[in-house]
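Novice: Going line by line, the protein sequences match chains A and B. If you're matching positions, the first sequence starts at -16 in my numbering and goes up one per residue. If you're matching positions, the second sequence starts at 19 in my numbering and goes up one per residue.
Just so you know, these hints were derived from the structure itself, not from any lab. Just so it is clear, CB atoms sit at the ideal spot from N, CA and C, and this is done for glycine as well. Certain hints may be false.
[As the list claims (entries may be wrong)] What follows is a list of derived Cβ distance ranges for each label pair:
id, chain 1, residue 1, chain 2, residue 2, range
1, A, Asn91, B, Lys162, 26 to 36 Å
2, A, Glu(-10), B, Pro338, 56 to 66 Å
3, A, Asn75, B, Leu314, 27 to 37 Å
4, B, Lys162, A, Arg211, 55 to 65 Å
5, A, Gln39, B, Gly151, 50 to 60 Å
6, B, Lys162, A, Lys90, 22 to 32 Å
7, B, Leu158, A, Arg94, 32 to 42 Å
8, A, Pro107, B, Thr287, 14 to 24 Å
9, A, Asn75, B, Leu341, 16 to 26 Å
[As the list claims (entries may be wrong)] Below, simulated DSS-like cross-link-like pairs (lysine-lysine); rule was C-alpha separation at most 25 Å, straight line:
id, chain 1, residue 1, chain 2, residue 2
10, A, Lys156, A, Lys184
11, A, Lys51, B, Lys162
12, B, Lys200, A, Lys90
13, A, Lys51, A, Lys92
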Amino acid sequence: MTLLRVENLSVSYGAIKALHGIDLTIAEGEIVSLLGANGAGKSTTLRAISRMLPLQGGDIFYRDQSVKHVEAHSLVAMGIGHVPEGRGIFPNLTVQENLALAAWTQKNKQRLAASYEKVFALFPRLEERRQQLGGTLSGGEQQMLAVGRALMTDCKLMLLDEPSMGLSPLLVKEVFRALQAINAQGMTLLLVEQNAHMALKIAHRGYVLENGRMVLEGPAAELAQDPRVKEAYLGG
Amino acid sequence: MSSPSQPLPTAPPADSKPPRVRFWMVCVAVLVLAIPLQLLVDAGLYSDVLNPYYLHLLTVIGMNIILVASLNLLNGYLGEFALGHAGFMAVGAYTAALLATKVLPGAAAMPPVIGTVLILLVSLGGAMIASAGVGYLIGLVTFKTVGDYLAIITLGFNMIIVNAIQNIEFVGGPRGFTGIPKNTNFVAVALCVLLTIGVLRNLIQSTFGRVWLSIRENAIAAELMGVSIPKAKNWAFTIAAAFAGLAGGLWAQNQQFITPRSFDYSKTTEILVMLYLGGMASLSGSILGVVAYTVLMELLRNLLSTFAPQLAEWRMLISPLILIIIMLTRQTGLLGNREWSWLRPKQGA
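Model the full structure from these sequences, guided by the hints.
Specialist: Okay, here's the thing in structure tokens:
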């Protein structure tokens, strides 16, 4: 079943057009990775989907329902979670408080407790550091917190903006393992990555953006073998 | 934002000790001290030690605590820079004065204590509602502004309120509003302070209130967590304004005379100085800042007037000087964002 469908989406920053009518679909339970060079429009796509940016044209359907006129904060309650670029945790709140805030939209206490358990089972490190301030965590732990925070919103679709940014190779592996585990539990992921190698390894399908246009799409394994992708993103 | 004050679902950390002093203990202690003190001063007993002047000073401290704690909600917790707090206070003061003199004078004929309590409850309630309404409107107007722009808008609002009142003859215009009955005393003010601190403390520690912190920390992330920023901001302004109105209502019925000029931006500045002196995002800091500032100003008044009576006004030079010194040497204020144990969350976080 199609969870998210983006049709002919275009977005502009002032006079500069960032997306020239792109199409994208994500089925439930998939990991889809969105690849592209710097400035190709990857983050813009995510921010348009989570309604942080105004659309210039096209439409976005979540569960076959247009979210064109839905506000960013209401979208969270509908089930779209966004892990922003650079993590964006609350540095002066504890890990516990960071997570509690994310559960803002959740009123059901039992499901809330289950969400905490899910996050701590996935990232035991976070449980150890519940009372530590978010800003004092290491980069990898902050990324785990950002993912955990999105999980607390009880979302069905998680948009991830460069979760590997600024992490050591070992931590990148750990984060990607966690993403696969989340996916195995039924979460649908849209993954924006510079690290095409890792992204295509865990993804089911992939899209390649170039200068605001979708130039390639296909199963991840096929994309990883595509000479153009190999040359541009996988280092030959 | 349907259900305010939903408790934070946190498990206590293993090493947390229960706080030795709890909020209710402080409430009891304050009332146990305040009520006999008020009765003794009213009866004129031990007047050489229990000077009414000291009681007046405590009353002023109480009203200032309400003002500073409520401004802390906006400037400390929400992380905005609001410069119109005296304006909200003016709305409360004039509303309470009108209610007490024009609407409810009949209640004065009732048995003394009951009549006064009734007038006080109605006038303070009215003051809070009126200020909250104005605060809500300001919140609507400033809906998408942040930082410097918001500061300027709130400053402009403060001027508008003061100038409007100056030109309304019905409330005395520039001459001020006279003949307000003295319906408050130290006990009433102490009760209002406890109410304010209690409500703010619980709000700030609830999920509802933590949203303000999240906006201060990272507005984009807060929005991605499903927080409606305009709504949360509007709530903060409404609640802060309501308590500023409460302080104004108490002020009017304590001084018995109010003039528009006592609510201009210099009053706002005074509130800001006390807030920054105590420390941002700390209710303990708000209390400590007010006590330190008020006592210092009174000591300076006495000290300076022993040299020459006209020197006393020079203490007004000291307060901006204090602000400069705080900003240069201790930006976090006296307490930073630490809290006394009885103002901390129960979980010990």
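Novice: All the hints need checking, so say for each whether the structure fits it.
Specialist: For each hint, the structure was consulted:
{"no.": "1", "hint": "A:Asn91 - B:Lys162: 26 to 36 Å", "result": "holds (32 Å)"}
{"no.": "2", "hint": "A:Glu(-10) - B:Pro338: 56 to 66 Å", "result": "holds (60 Å)"}
{"no.": "3", "hint": "A:Asn75 - B:Leu314: 27 to 37 Å", "result": "holds (30 Å)"}
{"no.": "4", "hint": "B:Lys162 - A:Arg211: 55 to 65 Å", "result": "violated (43 Å)"}
{"no.": "5", "hint": "A:Gln39 - B:Gly151: 50 to 60 Å", "result": "violated (39 Å)"}
{"no.": "6", "hint": "B:Lys162 - A:Lys90: 22 to 32 Å", "result": "holds (28 Å)"}
{"no.": "7", "hint": "B:Leu158 - A:Arg94: 32 to 42 Å", "result": "holds (34 Å)"}
{"no.": "8", "hint": "A:Pro107 - B:Thr287: 14 to 24 Å", "result": "violated (51 Å)"}
{"no.": "9", "hint": "A:Asn75 - B:Leu341: 16 to 26 Å", "result": "holds (24 Å)"}
{"no.": "10", "hint": "A:Lys156 - A:Lys184", "result": "holds (11 Å)"}
{"no.": "11", "hint": "A:Lys51 - B:Lys162", "result": "holds (21 Å)"}
{"no.": "12", "hint": "B:Lys200 - A:Lys90", "result": "violated (47 Å)"}
{"no.": "13", "hint": "A:Lys51 - A:Lys92", "result": "violated (31 Å)"}
When each numbered hint is compared with the structure, violations occur for hints 4, 5, 8, 12, 13.
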